[in-house]
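Input sequences plus hints: build the corresponding full structure.
There are 2 protein chains.
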Amino acid sequence: MELGPPGGSGPAEPGPRLRGLRGADAAASASSLSRFGAEAGCRAPAVAAVLPAGGSGERMGVPTPKQFCPILERPLISYTLQALERVSWIKDIIVAVTRENMETMKGIIQRYQHKRISLVEAGVTRHRSIFNGLKALAEDQPNCRLSKPEVVIIHDAVRPFVEEDVLLKVVTAAQEHGASGAIRPLVSTVISPSADSCLDHSLERARYRASEMPQAFLFDVIYDAYQQCSDYDLEFGTECLHLALKYSHIKAKLVEGSPDLWKVTYKRDLYAAESIIKERISQKVCVVMDTKEDEEHVGHCLEEMLKTELNHVKVTSGQDLQQIILEQCYNFVCVNVMTSDFEETQRLLNMLEESNLSILYPVVVISVHFLDYESVPLGQKMEKVMQIREFAKEAKKRNILLSGLLIYFPQLL
Amino acid sequence: MELGPPGGSGPAEPGPRLRGLRGADAAASASSLSRFGAEAGCRAPAVAAVLPAGGSGERMGVPTPKQFCPILERPLISYTLQALERVSWIKDIIVAVTRENMETMKGIIQRYQHKRISLVEAGVTRHRSIFNGLKALAEDQPNCRLSKPEVVIIHDAVRPFVEEDVLLKVVTAAQEHGASGAIRPLVSTVISPSADSCLDHSLERARYRASEMPQAFLFDVIYDAYQQCSDYDLEFGTECLHLALKYSHIKAKLVEGSPDLWKVTYKRDLYAAESIIKERISQKVCVVMDTKEDEEHVGHCLEEMLKTELNHVKVTSGQDLQQIILEQCYNFVCVNVMTSDFEETQRLLNMLEESNLSILYPVVVISVHFLDYESVPLGQKMEKVMQIREFAKEAKKRNILLSGLLIYFPQLL
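Residue numbers (the working numbering), protein chains in the order written: chain P, 3 to 415; chain W, 3 to 415.
Calculated directly from the structure, the hints in this document are not laboratory data.
Heads up, a few of these hints could be off.
Any copy, or any two copies together, can satisfy a pair, since identical chains are not distinguished.
[Claimed, not checked] Okay, derived cross-link-like pairs now, BS3-like style, lysine-lysine, Cα gap no bigger than 25 Å in a straight line:
#, residue 1, residue 2
1, Lys280, Lys150
2, Lys93, Lys269
3, Lys269, Lys309
4, Lys93, Lys137
5, Lys265, Lys280
Structure representation (structure tokens):
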């Protein structure tokens, strides 16, 4: 796991960074959601993403289109947008939604503070929606806020668990080959039925793959393909790699993806997504501390211990707390020195309150306090202990579960 | 929803019954798990099922083979066996497990009281396991407890949500065509990669289907195919329909299955399965009452009301309670008349205790009592109310949540 130095500005999520792409200094780039193009000396391509989100979700068997189905009260598409937003080198994200869902989508963007999103109207089919998204990015469009990217990622609104590393792989492969897509082994054997619903033949499973998302293309390759393609393609086709092959004669590079890339299709997939999100929440903790040297040592001890139990342990001195909260970290260990009077914890509680994070799910904060046993009188100690209980009572009203932990300072160091 | 008459012996689960197969009197048959052949005048085929359960579950990313992974503390395969056991016309169920898991499997059969199960040793591949299962059913085997069926169902241990209607469809189609299998639309486009991991071609999604389970075969068709097939088939093949086509020249009839047929493959599928099982538990209620006429009327009122909220409402006079408990009904409404002194409720509580059902998940029992307000003195009424609280205290120790409901008898009727 890659972690930034405490007090520094390490990447928000572990995984390969843009330096893997073109040798650019991406650690700095990834530390904020600033536009990729603004980074000096960076030779990575300008990248945009298009998300068709006009589907009706008829396979789900529920009236709400699946991309808007709530998971822990938050719409599925918001998780997907967050996954893309975490990747600082994706400059623009174009979402195609139907006219009737336009206001819903705007509400989601506002509520969850999504950035870099542009909305276009979805077409009646998946391909038409993607085409609309590409048109918005093409140079000849009047919408001057957007500019034509070198590489465009196409992803599904209903694949919320896409990670930066697979996005990086398809973008890199698209730069080299013109087109690229994630694939997975087939779970079931694929068969061809005859007209009378009998088996005509079955395909040898090992020779085929399931084509998944994300896919990436040199913008001109896929845009040219869409401009040439037939009404039949636009109506009945679903596969962008096929269009790139048929019209731009580009054989896409195929990249093995992780099982996480699966598409939320059926109701059971919503259940699975919810469990995965809950599991991730429980596996993610942020240790907040100021930059005093003593604490840094404590922070590292704590980090090492937590890492034996949890997947995502982040230590911060507090500068990037806003970003960490935005990325749905629900567990915090906040280290204060006794003399600082809960300053760090109070600051964190204020930020959490402003973020509305705890509306969705309770946030757990453990406020750690160091105490030099010999130099502080007992009365003062107890006063502090009672103070945290008052804080906790107030915090609980806002769904923040605050606990205090008192540590005898000299014993620890 | 099909429901048996109150006090009668209706089918344990809704859905088409064997009368749909051959006009046999299946309601009676389905009311118990008695062997199909024992039913008089029934012309339906002798049916057995083979479940390969020798997989290692490497795609799951967990050390336990997926068929043994616990869902609500109960192994996945036990749910699948239960789904097959509910179908009274399946005579024998052959499970192929590896030698190292043989004792585990025996333990599961004993703990969850599975019936009609025979174990055979799994081969190193799926096809070899199925072949071993078929051999055990073939006439020339020394194991005389089993006899050769006319039709054999092949199902996966990791598809726990198979319903009787699809089993009926594949068995009926196999009788007519020699072979049959459930299919589903493809979720992803299927592509063929070239040797250098580039796209060679993509398949038109609408022209192909995913081959799922269950499948059914005339026993001789599939057994002959397995006897002829090559080592290569046995090592690298996975598709029984393909073997029936290649060696027995039978084009299987394809039957559209429901989304429930999906295979538990990844960890996320375990999450989904758990949520589905929990949802089913919450949607299933059994109303227990004795056969007094008054109560029958009440029972029907209650049934109608409950059916507006819940999917599975069963009314019983108590004879088949054992079976209902075995089928994991966790919610009971038990109707007593005041004079009978909680007899029905006490009997139900005793049976629940014996069944160990509540080890897995809390069982909810609402004990309903009718009271002729005018004829019973207040003191006696309160005595009864206190009595249910004592029962509830005891029941709670065994994870049974008992509530009492007192209804003024004359007002209701």
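25 Å Cα threshold - placement of lysine 309 relative to lysine 269: So lysine 269 and lysine 309 pass the 25 Å test across copies only (22 Å; inside, 34 Å).
At most 25 Å between alpha carbons: which applies to lysine 93 and lysine 269, within, between, both or neither? Cα proximity of lysine 93 and lysine 269: none, with 32 Å in one copy and 33 Å across.
Homo-oligomer pair classification [lysine 280, lysine 265; C-alpha up to 25 Å]: both (18 Å within a copy, 23 Å between copies)
Within, between, both or neither: how does the pair lysine 93, lysine 137 come out at a Cα-Cα threshold of 25 Å? So lysine 93 and lysine 137 pass the 25 Å test inside one copy only (16 Å; across, 62 Å).
At most 25 Å between CA atoms: does that hold for lysine 280 and lysine 150 within a copy, between copies, both, or neither? neither (37 Å within a copy, 49 Å between copies)
This entry does not satisfy hints 1 and 2, going by the numbered hints stated previously.
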